[in-house]
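Chemist: Below are the chains, spelled out letter by letter.
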Amino acid sequence: MTEKEEKKFTRRTFMKNSGITVGGILLGWGVSELFGDDQKKGTSTETVDLSHTHASGAHASEALLVFTLEQYRVVEAAVERIFPEDELGPGAKSLGVAVYIDHQLNTPWGNSSRDYMVGPFKQGTATQGYQGRQTNAQIFMMGLDALQKYTEKNYGDKFYILSAEQQDAILVDFENASGENKVQIDGISSSQFFQMLHSLTMEGLYSDPVYGGNKDMGGWKLKNYPGHQMTYVNIIEKEEFVVMEPTSLSSMK
Amino acid sequence: MATKLPSVDVVVVGVGWAGGIISAELTKKGYKVVGLERGKERKTEDFLNGHDELKYAHRKELMQDLSKDTLTFRNKDLEEALPMRKMSAFSLGTGVGGAGVHWNGFTHLFLDYDFQIRTKTIERYGESKIPEDMTLQDWGITEELIEPYFKTFVEMAGTSGEQNPLRPRSWDYPNPPMKVTPKMKRFIDTTEEMGLNPFISPSGNLSQNYTNPDGVSRAACQYCAFCDHFGCEYGAKSDPLVTVLPVAQSTGNFELRAHSNVLEVLHENGKATGVRYINVLTGEEYIQEARVVILSAYTFTNTKLLLNSKIGTPYDPVTQTGAVGKNYADHFLSMAFGFFDDEQFNDYAGAGALGVSLDDYNGDFFDHTELDFIHGGLISISQVGNRPIGSNLAPLGTPGWGAEFKKQSLYYYNRQMMVFSQTPMMPNRYNYLSLDPTYKDEYGMPLLRMTVNYSKQENNAHKFMTNKCAEIMENLGATHIMAFDQQGDYNIGSFVPEHSIGGTIMGEDPATSVVNNYSQVWDVNNVFVLGASTFASQSGVNPTGTLGALAYRAAEGIDSFLKEPKLLV
Numbered sequence: 001m002t003e004k005e006e007k008k009f010t011r012r013t014f015m016k017n018s019g020i021t022v023g024g025i026l027l028g029w030g031v032s033e034l035f036g037d038d039q040k041k042g043t044s045t046e047t048v049d050l051s052h053t054h055a056s057g058a059h060a061s062e063a064l065l066v067f068t069l070e071q072y073r074v075v076e077a078a079v080e081r082i083f084p085e086d087e088l089g090p091g092a093k094s095l096g097v098a099v100y101i102d103h104q105l106n107t108p109w110g111n112s113s114r115d116y117m118v119g120p121f122k123q124g125t126a127t128q129g130y131q132g133r134q135t136n137a138q139i140f141m142m143g144l145d146a147l148q149k150y151t152e153k154n155y156g157d158k159f160y161i162l163s164a165e166q167q168d169a170i171l172v173d174f175e176n177a178s179g180e181n182k183v184q185i186d187g188i189s190s191s192q193f194f195q196m197l198h199s200l201t202m203e204g205l206y207s208d209p210v211y212g213g214n215k216d217m218g219g220w221k222l223k224n225y226p227g228h229q230m231t232y233v234n235i236i237e238k239e240e241f242v243v244m245e246p247t248s249l250s251s252m253k
Numbered sequence: 254m255a256t257k258l259p260s261v262d263v264v265v266v267g268v269g270w271a272g273g274i275i276s277a278e279l280t281k282k283g284y285k286v287v288g289l290e291r292g293k294e295r296k297t298e299d300f301l302n303g304h305d306e307l308k309y310a311h312r313k314e315l316m317q318d319l320s321k322d323t324l325t326f327r328n329k330d331l332e333e334a335l336p337m338r339k340m341s342a343f344s345l346g347t348g349v350g351g352a353g354v355h356w357n358g359f360t361h362l363f364l365d366y367d368f369q370i371r372t373k374t375i376e377r378y379g380e381s382k383i384p385e386d387m388t389l390q391d392w393g394i395t396e397e398l399i400e401p402y403f404k405t406f407v408e409m410a411g412t413s414g415e416q417n418p419l420r421p422r423s424w425d426y427p428n429p430p431m432k433v434t435p436k437m438k439r440f441i442d443t444t445e446e447m448g449l450n451p452f453i454s455p456s457g458n459l460s461q462n463y464t465n466p467d468g469v470s471r472a473a474c475q476y477c478a479f480c481d482h483f484g485c486e487y488g489a490k491s492d493p494l495v496t497v498l499p500v501a502q503s504t505g506n507f508e509l510r511a512h513s514n515v516l517e518v519l520h521e522n523g524k525a526t527g528v529r530y531i532n533v534l535t536g537e538e539y540i541q542e543a544r545v546v547i548l549s550a551y552t553f554t555n556t557k558l559l560l561n562s563k564i565g566t567p568y569d570p571v572t573q574t575g576a577v578g579k580n581y582a583d584h585f586l587s588m589a590f591g592f593f594d595d596e597q598f599n600d601y602a603g604a605g606a607l608g609v610s611l612d613d614y615n616g617d618f619f620d621h622t623e624l625d626f627i628h629g630g631l632i633s634i635s636q637v638g639n640r641p642i643g644s645n646l647a648p649l650g651t652p653g654w655g656a657e658f659k660k661q662s663l664y665y666y667n668r669q670m671m672v673f674s675q676t677p678m679m680p681n682r683y684n685y686l687s688l689d690p691t692y693k694d695e696y697g698m699p700l701l702r703m704t705v706n707y708s709k710q711e712n713n714a715h716k717f718m719t720n721k722c723a724e725i726m727e728n729l730g731a732t733h734i735m736a737f738d739q740q741g742d743y744n745i746g747s748f749v750p751e752h753s754i755g756g757t758i759m760g761e762d763p764a765t766s767v768v769n770n771y772s773q774v775w776d777v778n779n780v781f782v783l784g785a786s787t788f789a790s791q792s793g794v795n796p797t798g799t800l801g802a803l804a805y806r807a808a809e810g811i812d813s814f815l816k817e818p819k820l821l822v
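Order-wise, the sequence lines are chains W and A.
Under the numbering used here, the residue at position 124 of the first sequence is numbered 124, and the numbers go up by one with no gaps.
The number in the numbering used here is simply the position in the second sequence, starting from 1, with 253 added.
Hints listed in this document are in silico derivations from the structure and should not be mistaken for laboratory results.
From a predicted model like this one, the values you see are computed outputs, not experimental measurements.
Among the hints, a few may not be true.
Under the rule of at most 20 Å between Cα atoms (straight-line distance), these lysine to aspartate or glutamate pairs were calculated in the EDC-like manner [stated by the list, open to error]:
(1) A:K524 x A:D299
(2) A:K709 x A:E385
(3) A:K660 x W:E70
(4) W:K253 x A:D299
The following residues of chain W were derived to be distant from chain A, with all beta-carbon distances above 10 Å [unchecked claim]:
(5) E62
(6) L88
(7) Q138
(8) M142
(9) L144
(10) D145
(11) A146
(12) Y150
(13) G187
(14) T231
(15) F241
Using N, Cα and C, we set each Cβ at its ideal position, and we do this for glycine too.
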């Protein structure tokens with residue numbers, strides 16, 4: 001057994017064991033946060049990190065509105081592959097992108113309430129834009145469901161259990177840059193879902209923290225972006241690069 | 254049954270720049286004006302919490318609600334048009350102030366060449382220069398004629414700028430040019446060395462505190478970098494909310510009704526009697542009678558209203574008769590991105606119209622004898638402020654996601670420049686607006702149908718302008734350059750710069766145009782149509798300065814018409 005296979009095996013064991021053992025006790029504790037730490041801890045089957053749970057101060061606005069815990073874990077793992085944590089700094093997972101996406105699906109954008117949703121719905125040409133009847137939230141949830149099923153069918157496991165390489169391979173199939181159409185979804189294309197996942201990831205990394213992502217303005221810090229500032233009149237002509245401490249819209253109340 | 258309201262002198266449909274200018278000018282003269290705007294009321298205070306990239310730039314808070322009204326689109330007559338379901342390509346403004354609230358502020362005037370484009374092209378190159386399918390025609394106006402109105406517009410707006418060396422004016426902008434950033438300085442030095450003629454872009458962002466001839470005082474721009482898609486919380490960006498609308502309101506002669514969506518212009522025996530509109534909140538219908546009806550909505554709505562009201566003759570591309578819907582055109586961007594390995598710029602700071610431009614490859618400022626296209630575009634560099642959701646560019650070959658994407662998109666975030674040309678589409682026989690036979694808006698009126706694609710003219714101009722941009726980028730010293738000189742079909746699902754013009758075009762001949770140079774409709778002459786829908790052809794610059802100037806000219810004409818109703822030309 002190679003090291004990689006061993007890791008995968010141990011992680012899976014952890015999931016099964018912990019799921020059964022601690023499920024009941026965890027109900028009031030923010031199960032998603034607990035499960036969400038699995039990848040970060042690597043091979044550990046012993047410790048359960050409670051540091052991010054409700055009891056220790058997770059903010060009420062981080063609760064899920066749309067996703068099940070299972071879906072949340074899949075999304076967290078997927079967006080982390082799009083923008084992974086590394087020596088440069090935090091990734092999409094710790095910056096709260098999955099919470100951001102969950103919340104966005106429950107907005108006017110998610111419900112496509114400002115889109116033209118009147119029929120007849122017909123197949124358009126490549127230049128006629130989206131012609132489906134699904135709302136943005138429906139497209140995302142259809143894609144997410146397909147991602148879970150595709151993973152289960154081809155890898156016999158859950159997306160967030162797989163190795164990073166396996167997760168990447170699945171996302172490549174969904175992105176479908178090769179045009180091989182390995183993933184079929186009724187009513188939408190897998191690349192449409194992937195593009196939406198990608199856009200939502202960028203939004204979750206870099207939108208104002210009021211929307212649930214960009215935790216502690218960590219996304220902005222990666223880009224030296226100062227966020228919401230009232231004036232740059234003293235900076236605009238400067239030759240040297242000026243790094244400023246970012247400020248969010250919450251400073252405007 | 255629609256409720257009939259007491260008649261007024263003038264009813265204005267769409268309260269953006271054009272409607273705002275008309276309302277201010279006519280109410281100052283004592284006329285009673287009612288402004289109907291289908292969106293909501295807006296004020297500067299709305300934008301205090303406005304530095305929100307997601308809400309405004311990506312969720313398009315200030316743009317049209319497509320669930321109520323959109324357009325249908327196809328590339329050519331043989332295809333079936335389908336609705337634009339999501340706002341992807343366009344930035345259609347809505348609400349009081351219209352697109353004048355979310356514009357960037359670039360305040361150019363179209364060129365002498367544009368207004369007489371057919372005559373001047375034939376004069377210099379002969380008739381054979383104009384391809385058979387290019388429906389090029391003069392506007393019935395000259396730049397000398399429009400120039401004084403342009404001056405009135407920039408003084409009202411407080412435009413900040415300096416002389417364009419290739420087209421100096423007899424007057425100066427009311428405010429000095431914007432501050433010069435290191436990027437701008439580099440562009441000026443580099444292009445001057447190349448023998449080109451750069452100038453600081455004329456800007457609707459105030460370079461200093463300013464009081465305009467109407468007595469409206471506004472504060473200077475703070476370079477906060479939230480202009481395009483956003484409203485200005487300082488009132489430093491010239492927009493109708495802080496210029497012409499308060500003037501109209503202060504006269505006591507202006508009544509503004511928001512949430513009022515006009516369905517048709519009512520007319521009998523060649524004379525308009527008023528408009529029928531619906532209050533979109535209550536569903537109540539009203540008839541507002543007026544001596545003069547002004548259509549000053551966006552290009553699409555102006556054209557849709559004329560067609561749905563059966564005013565004028567719809568354009569037919571087969572027989573080439575009729576004029577309503579004719580000569581639709583847009584801009585496209587020809588550009589070169591440059592990545593600088595060893596330098597960082599303060600790109601989070603900026604202003605909408607902060608930049609440098611040059612006209613050397615615009616209009617007919619260069620010789621087209623050996624070239625297989627006419628016109629060209631204004632080449633610019635601008636510093637609107639890089640925002641982090643929308644700006645994740647990295648040199649060609651960088652993957653779109655994953656660790657390498659993260660590394661490169663972060664590294665180059667503050668290390669890039671873009672040199673771009675707003676290249677115009679030329680009018681084409683097969684690019685036009687008409688009514689859709691299938692799809693309807695929320696109130697049961699047929700949607701506007703757009704049939705448009707690029708032709709050889711556009712593809713050749715794009716290639717030429719892209720190469721010019723890349724050449725400048727090389728001279729700017731970029732480590733990596735990225736440019737795309739091929740473009741596919743016109744695509745409603747992807748980004749288009751969207752300065753939509755045409756549909757109710759201005760001209761000398763009632764057979765080939767909809768309005769005369771006072772924006773007066775030939776067929777029903779107490780209806781005036783204002784905005785870029787009256788442009789007979791596109792130029793290489795932004796449209797607002799020209800549509801503002803034409804609105805001031807129209808205001809003169811309408812005043813004269815109210816005194817003595819007749820065809821003004």
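Chemist: Take the hints in turn and mark each one as holding or not.
Modeler: Taking the hints in turn, this is what the structure says about them:
1. A:K524 x A:D299: 40 Å, violated
2. A:K709 x A:E385: Holds. K709 of chain A to E385 of chain A sits at ~12 Å (cutoff 20 Å).
3. A:K660 x W:E70: Violated. K660 of chain A to E70 of chain W sits at ~30 Å, over the 20 Å cutoff.
4. W:K253 x A:D299: 14 Å, holds
5. E62: 18 Å, holds
6. L88: 6 Å, violated
7. Q138: 13 Å, holds
8. M142: 17 Å, holds
9. L144: 17 Å, holds
10. D145: 21 Å, holds
11. A146: Per Cβ check, A146 of chain W is outside 10 Å of chain A; nearest 18 Å; holds.
12. Y150: 18 Å, holds
13. G187: 14 Å, holds
14. T231: At about 4 Å from chain A, T231 of chain W fails to clear the 10 Å cut-off, so the statement is violated.
15. F241: F241 of chain W is in fact no farther than 10 Å from some Cβ atom of chain A, at 4 Å.
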